[in-house]
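Chains H and Z, in that order, are what the protein sequence lines are. All the letters of the first sequence, read from the start, carry residue numbers 1 to 302 under the numbering used here. All the letters of the second sequence, read from the start, carry residue numbers 303 to 531 under the numbering used here.
If you are wondering where the hints come from, they were derived from the structure by calculation, not from laboratory data. Heads up, some of the hints might be wrong.
[Stated by the list, open to error] Here are the simulated PhoX-like cross-link-like pairs (lysine-lysine), alpha carbons at most 25 Å apart as the crow flies:
hint	chain 1	residue 1	chain 2	residue 2
1	H	K301	H	K57
2	H	K301	Z	K374
3	Z	K482	Z	K434
4	Z	K486	Z	K527
5	Z	K434	Z	K360
6	H	K301	Z	K527
7	H	K301	Z	K434
8	Z	K527	Z	K501
9	H	K301	Z	K350
10	H	K173	H	K77
11	H	K130	H	K173
12	Z	K525	Z	K501
13	Z	K509	Z	K527
14	Z	K434	H	K14
15	H	K102	H	K65
16	Z	K525	H	K301
17	H	K57	H	K87
18	H	K77	H	K106
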Amino acid sequence: MFTVLSRITHFGFKNFWRHGWLSAATVAIMILALLVFVGLIIFGVVADHAASSIQDKIDISVYFKTTTSEDQVLNVKQSLENLSEVKSVEYISSDQALSIFKEAHKDDATISQGINELNSNPLEASLNIKAQQPDQYADIANYLDAPNLSQYIDSVSYAKNQVVIDRLTAIVKGVNRGGWVLTIVLALVAGLVVFNTIRLAIYSGREEIGVMRVVGASNSFVRGPLVVEGIISGILAAVLSMIIAAPIIYFVSPYLKVFIPGLDVFQYFYENLGKLFLYQLIFGVGIGTLSSLVAVRRYLKN
Amino acid sequence: MAMVVFQGVSKIYNSHSAALEDLDFEVQPGEFVSLTGRSGAGKSTVIKLLIGEEKPTKGRVFFSQYEVNKLKDGELPAFRRHVGVIFQDFRLLPMKTAYENVAFALEVAGRPQRDIVELVPQVLDMVGLSEKSGNFPHELSGGERQRVAIARAMIHRPEIIIADEPTGNLDPLNTYEIIKLLEKINQLGTTLLLATHDKEVINTLEKRVITLDRGRIIRDEEKGKYILV
Numbered sequence: 001m002f003t004v005l006s007r008i009t010h011f012g013f014k015n016f017w018r019h020g021w022l023s024a025a026t027v028a029i030m031i032l033a034l035l036v037f038v039g040l041i042i043f044g045v046v047a048d049h050a051a052s053s054i055q056d057k058i059d060i061s062v063y064f065k066t067t068t069s070e071d072q073v074l075n076v077k078q079s080l081e082n083l084s085e086v087k088s089v090e091y092i093s094s095d096q097a098l099s100i101f102k103e104a105h106k107d108d109a110t111i112s113q114g115i116n117e118l119n120s121n122p123l124e125a126s127l128n129i130k131a132q133q134p135d136q137y138a139d140i141a142n143y144l145d146a147p148n149l150s151q152y153i154d155s156v157s158y159a160k161n162q163v164v165i166d167r168l169t170a171i172v173k174g175v176n177r178g179g180w181v182l183t184i185v186l187a188l189v190a191g192l193v194v195f196n197t198i199r200l201a202i203y204s205g206r207e208e209i210g211v212m213r214v215v216g217a218s219n220s221f222v223r224g225p226l227v228v229e230g231i232i233s234g235i236l237a238a239v240l241s242m243i244i245a246a247p248i249i250y251f252v253s254p255y256l257k258v259f260i261p262g263l264d265v266f267q268y269f270y271e272n273l274g275k276l277f278l279y280q281l282i283f284g285v286g287i288g289t290l291s292s293l294v295a296v297r298r299y300l301k302n
Numbered sequence: 303m304a305m306v307v308f309q310g311v312s313k314i315y316n317s318h319s320a321a322l323e324d325l326d327f328e329v330q331p332g333e334f335v336s337l338t339g340r341s342g343a344g345k346s347t348v349i350k351l352l353i354g355e356e357k358p359t360k361g362r363v364f365f366s367q368y369e370v371n372k373l374k375d376g377e378l379p380a381f382r383r384h385v386g387v388i389f390q391d392f393r394l395l396p397m398k399t400a401y402e403n404v405a406f407a408l409e410v411a412g413r414p415q416r417d418i419v420e421l422v423p424q425v426l427d428m429v430g431l432s433e434k435s436g437n438f439p440h441e442l443s444g445g446e447r448q449r450v451a452i453a454r455a456m457i458h459r460p461e462i463i464i465a466d467e468p469t470g471n472l473d474p475l476n477t478y479e480i481i482k483l484l485e486k487i488n489q490l491g492t493t494l495l496l497a498t499h500d501k502e503v504i505n506t507l508e509k510r511v512i513t514l515d516r517g518r519i520i521r522d523e524e525k526g527k528y529i530l531v
């Protein structure tokens with residue numbers, strides 16, 4: 001058993017080396033496939049980040065009538081926080097609202113003067129509410145519509161922004177769903193290309209397989225070295241694709257940062273190097289092994 | 303006990319014509335039997351049936367203790383280690399050196415490394431290729447390639463060596479050398495079944511000749527001659 005295994009491994013390595021350009025071509029195709037694969041993972045991260053940064057910008061604000069006491073507002077806040085749909089609630093008192101307003105318009109003399117001439121604070125206290133999922137804003141708006149709450153409330157921004165919120169929600173959903181579809185389709189294409197390359201390589205060696213069988217080689221003795229070759233190709237392609245991907249990501253990263261602030265793709269790549277390499281290895285070795293097994297099957301019949 | 307027995311064997315590839323029809327013959331241990339006949343007479347089919355590459359449509363094929371027509375796919379590799387086969391097109395593994403091609407027959411049989419190191423040089427020496435053991439098939443001449451194939455066929459000491467037109471691609475001098483080599487192997491006790499349509503080869507051998515025509519045996523003679531049919 002040990003002799004057989006060591007011979008199979010030995011043959012696999014030797015064949016890989018002696019097949020020269022054929023092995024090189026297989027590894028090259030695998031590298032391309034793995035680059036697509038790592039590209040898809042990175043794309044997923046970017047899309048996720050983009051989606052959540054859009055999601056973060058969506059919120060609804062509830063403005064309370066000036067007659068409402070702070071305790072009542074905090075009660076509403078408390079009750080909102082108990083809802084499972086609500087991610088966070090931020091309370092902005094009328095005083096805070098005023099200072100924010102002043103700060104925002106400090107360069108505009110007319111407005112600053114106008115504000116200072118007022119005796120009382122005209123701004124209303126408000127709550128900024130963020131939902132767990134963008135499609136939950138409608139539910140939250142409904143909740144605020146209930147008579148026991150609506151008596152304190154002057155206005156809810158949701159009604160005004162509903163169209164924009166719905167559109168952003170649709171975009172976020174679209175990006176997520178489209179990303180998945182794209183990932184699956186491209187991963188499938190990459191897998192098929194590798195499979196066909198290995199199949200052609202084995203096809204070119206089909207006569208050898210026939211010779212081995214005539215000499216008395218068992219199926220595992222024919223299959224084994226081919227699988228070993230597939231594994232070697234997978235490992236090499238995984239290592240090389242990471243080496244190729246690193247500088248590409250390093251150069252592209254700053255440009256992505258411009259589009260999506262707060263996203264450092266290269267840092268993500270660097271921090272998850274081990275995990276990404278493991279994925280590449282699993283994908284590469286998996287597809288190499290599987291392709292070899294499937295491709296050789298038809299030549300082992302008879 | 304006969305080494306090879308064909309019992310009422312027919313092989314039909316398609317409904318129009320039969321490759322073999324009702325073939326009966328035996329080969330005794332230690333015999334050197336030539337199988338002749340023009341192209342398409344059924345020589346190759348006999349060999350394919352004997353090594354289990356094809357199954358007979360009718361009849362039974364025995365080799366030693368095996369009933370070849372009943373062997374399952376999984377049993378074929380082990381069975382084939384009891385026979386040595388030589389082909390017209392050599393069928394060497396192109397990515398292996400002469401030494402490795404010969405060693406391969408032992409490796410697939412799971413023989414230990416020390417046997418391989420000991421036996422392969424001996425057999426290569428016997429076929430006169432000690433000097434070229436490190437060469438790849440494409441670096442060898444036709445005659446040399448066929449000698450590698452013979453070395454590979456005999457390395458595991460099979461009970462029979464089956465040669466399918468082994469000199470078909472060779473010039474007369476190489477043909478002569480290959481046939482001499484086969485005779486030598488036969489003299490050392492291995493049964494030989496040689497399929498050929500080479501008149502010179504048959505006439506110089508002066509051994510048993512079975513002549514096939516359109517899938518039937520038309521002549522089976524001790525010390526036979528090549529007779530055109």
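Structure versus earlier hints - violations, ascending order: Structure breaks hints 1, 5, 6, 7, 10, 16, 18.
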